[in-house]
Amino acid sequence: MSLSAEELSIVWLSLKVALVATFASAIPAIAVAWLLARGRFWGRTALNVLVHIPLVVPPVVTGYVLLRVFGRRGTIGAWLEQYLGFQFSFRWTGAALAAAVMAFPLVVRAIRLGIEQVDRKVEESAATLGASPWWVFLTITLPLALPGLLAGLLIGFAKALGEFGATITFVSNIPGETQTLALAIYTQIERPGGEAAATRLIWLSVALSVLALVASELMIRSRQRSDA
Amino acid sequence: MSVTIDVTHRAGAFQLELVETIPAGFTAVVGPSGSGKTTTLNILAGLTRPARAVVRMGEEVWVDTGRGTWVPPHRRRIGYVFQEPRLFPHFTVRQNLLYGRGRQHERANTIATDEVIHLLNLASLLQRRPARLSGGEQQRVALGRALLANPQLLLLDEPLASVDQAHRLEILPYLDRFRATHRIPTVYVTHTWAEVSSRADHVIELAAGRVEFSGPAGTR
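Protein sequence lines, in the order shown, are assigned to chains B and D. At position 52 of the first sequence the residue is numbered 52 (the numbering used here), and the sequence of numbers has no breaks. Position in the second sequence (first residue = 1) + 1000 = the numbering used here.
For the record, the hints were derived by calculation from the structure and aren't laboratory data. Errors might be hidden in some of the hints.
To give a feel for the contact side, a few chain D residues facing chain B, derived at Cβ under 7 angstroms [said to hold, decoys possible]:
no. : residue
1   : A1045
2   : L1047
3   : P1073
4   : H1074
5   : I1078
6   : Y1080
7   : R1086
8   : H1090
9   : Y1099
10  : G1100
11  : A1149
Sample of chain D residues with no beta-carbon within 12 angstroms of chain B, all distances over it, derived [what the hints assert, rightly or not]:
no. : residue
12  : A1024
13  : A1123
14  : P1173
15  : A1217
Computed from a prediction, not measured in an experiment: that's the story for all the values here. Cβ coordinates follow ideal geometry from the N, Cα and C atoms, glycine included.
Modelling step: build the complete structure from the supplied sequences, incorporating the hints.
What follows is the structure, given as structure tokens:
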């Protein structure tokens, strides 16, 4: 099947939103995962709960909170627009923000598991060899947690690609700007006579997901080979 | 250069109380399991933070809980060989050996890489990953890695515990050869006195967190 220009632009927008969401949340997710895995500080439980909120509240709630905080009249949104001329609401950047927030708990979880698997005794031995905590993290913890890190980024990408509720609440469903695959499928399903178009988009989204899975499988295998 | 340690430390039901001066040379710390040998090493290394302690290395104060002085492990310039090799699994043997060297000034490297590789007979292993070494080989790499960090104090915690009987006898001669040219104060923890009886200058015997005996090796 050949894709129409409109379908191509939907796919492109979805990939852009999901990729930006994944990579923009990578470093904060690593930092939070490390704090939860290794940190001993007051408020660790509170941080853990906060991170997991998007996973447990209805997505429409997350979307609404984003609207209130990052919308044009939101506390942070108004500031961003006034001083940096930057806008989240009704833009693809807002779709990426919503996707990132929704994927964040899953990403943090996977990376945290990866970090917890790293033997603290090995980290200690690095410290006795003169490595500062930061250097230990960069040269020992992070490389040894790489499988968890890759798994986290993949699941984050998959979640971001399929995000619906928070996105439509926060940035609405604007063709060419915020209408990702999931939102486009919804539009076609709601439209009388849209079944054929919906089916094509559904197949597209299945194909994209399978491609992402195969890519990650290849990535993991090539890593295992380099370890042997 | 001698190490002085004055510590009170509690972990659960276990309490360690120790006031000792560890002279330069080879000090053996002996005693049964649970007597506080490893805890003592970890306090010297900075891996355990004691409730109350003063620890000095020569003129340097490493710990003084009364004044809030705390030098973290990575600033103490120690070499620590643990019971298990604790090698970095994602690095080759060569990368493991050189890990402690990168961040130092080159003039501080008084111990030559080639010398250690030669003394510990590691030349043929350099490109391998730790997973492909025997227990004895791994522990030789761990010893070499600690030595190449140019330690001012060498801590060894039952370094032969993870080595099979056949290879035990080959490791200590490597350490002896090294110590013949580099006089680094060494603290060697073991519960097998025979392992160190011919090497020790000084002996500290621990039991249940207290010193039973401390003195020159010949007087025990």
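Outcome of the hint check:
no.: 1; hint: A1045; result: holds, 6 angstroms
no.: 2; hint: L1047; result: holds, 6 angstroms
no.: 3; hint: P1073; result: holds, 4 angstroms
no.: 4; hint: H1074; result: holds, 5 angstroms
no.: 5; hint: I1078; result: holds, 6 angstroms
no.: 6; hint: Y1080; result: holds, 4 angstroms
no.: 7; hint: R1086; result: holds, 4 angstroms
no.: 8; hint: H1090; result: holds, 5 angstroms
no.: 9; hint: Y1099; result: holds, 5 angstroms
no.: 10; hint: G1100; result: holds, 4 angstroms
no.: 11; hint: A1149; result: holds, 5 angstroms
no.: 12; hint: A1024; result: holds, 20 angstroms
no.: 13; hint: A1123; result: holds, 21 angstroms
no.: 14; hint: P1173; result: holds, 24 angstroms
no.: 15; hint: A1217; result: holds, 26 angstroms
Violated hints for the displayed structure: none, as all numbered hints are satisfied.
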